[in-house]
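Protein sequence lines, in the order shown, are assigned to chains C and Z. Numbered per the numbering used here, the first sequence finishes at 80, counting up by one with no gaps. Numbered per the numbering used here, the second sequence finishes at 158, counting up by one with no gaps.
Please keep in mind that the hints were generated in silico from the structure rather than gathered at the bench. Watch out, some of these pointers could steer you wrong.
Straight-line distance between alpha carbons at most 27 Å, and here's what the computed DSSO-like set of lysine-lysine pairs gives [what the hints assert, rightly or not]:
1) Z:Lys94 - C:Lys10
2) C:Lys30 - Z:Lys18
3) Z:Lys50 - C:Lys30
4) Z:Lys106 - C:Lys64
5) C:Lys30 - Z:Lys35
6) Z:Lys35 - C:Lys27
All values derive from a computational prediction rather than experimental measurement.
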Amino acid sequence: MSEELKTSLKLNLEGLLCPIPIAKISKAIKEIPVGTIVEATATDPGVLADIPAWARTTGNEVIKMEREGKLVRFYVRRLK
Amino acid sequence: MDNNNGTTLIVMSGDMDKVMAAFNIAIGAAAADKKTNMFFTFWGMKAIQKGNLTGRGLFGRMIGLMNRGGINRIGPSSFNFGGIGRWMFRQMMKNHNVPSLEELRKTAMELGVKLMPCQMSMEIMEIAREDLIDGVEEPCGVAAMLEKSDQSRQTLFI
Numbered sequence: 001m002s003e004e005l006k007t008s009l010k011l012n013l014e015g016l017l018c019p020i021p022i023a024k025i026s027k028a029i030k031e032i033p034v035g036t037i038v039e040a041t042a043t044d045p046g047v048l049a050d051i052p053a054w055a056r057t058t059g060n061e062v063i064k065m066e067r068e069g070k071l072v073r074f075y076v077r078r079l080k
Numbered sequence: 001m002d003n004n005n006g007t008t009l010i011v012m013s014g015d016m017d018k019v020m021a022a023f024n025i026a027i028g029a030a031a032a033d034k035k036t037n038m039f040f041t042f043w044g045m046k047a048i049q050k051g052n053l054t055g056r057g058l059f060g061r062m063i064g065l066m067n068r069g070g071i072n073r074i075g076p077s078s079f080n081f082g083g084i085g086r087w088m089f090r091q092m093m094k095n096h097n098v099p100s101l102e103e104l105r106k107t108a109m110e111l112g113v114k115l116m117p118c119q120m121s122m123e124i125m126e127i128a129r130e131d132l133i134d135g136v137e138e139p140c141g142v143a144a145m146l147e148k149s150d151q152s153r154q155t156l157f158i
């Protein structure tokens, strides 16, 4: 990996369904400094569409999103 | 910052399925940093009542009994079967780790969603301010709701 992903916060959203993952990441992102990254894991397949949409609406950046079997792991950078 | 970026929901329905959709959408909107307002009117009043018996006159008390509020008392719009359907849906939600309506309402309020009670509904059905849960806004009318709607990108009637 050429990028080193220094995460400020790890969020466990496993087992949580829409809209709770969005509610939690919205709160979490406000707690980290601008420019830093939240790493999260979730099991709800809805997050594949929801998190990027949320990031576009709020002006944050999804750096990476990948499936690991039943798990979805993604990284969001706080941009503002 | 775009000041007209909010989301307004008019919650007229008192059915579990519709109220749940309303809270889900409100939570999604608030989580996306939109100023979110929910205007509860008529049947929707049940979702913000404490659940005690309401009403002063005969009709007021009759409707207070038959249309008793409390968010855990409301049933689905179909298949309620006198309450069995409501129980079944709550079981299904629990089994799939879906938050209950009470939890959704609490999450919405924590995210800053404003719950606005309809003054006229309260007058007609003789629901007093003390019969409502804590944390709701002052009872208001359509002008207040429409002002929020003017400041919103989307206004949804549920």
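We went through each hint and held it up to the structure:
no. : hint               : in the structure
1   : Z:Lys94 - C:Lys10  : holds (26 Å)
2   : C:Lys30 - Z:Lys18  : violated (30 Å)
3   : Z:Lys50 - C:Lys30  : violated (32 Å)
4   : Z:Lys106 - C:Lys64 : violated (31 Å)
5   : C:Lys30 - Z:Lys35  : holds (16 Å)
6   : Z:Lys35 - C:Lys27  : holds (15 Å)
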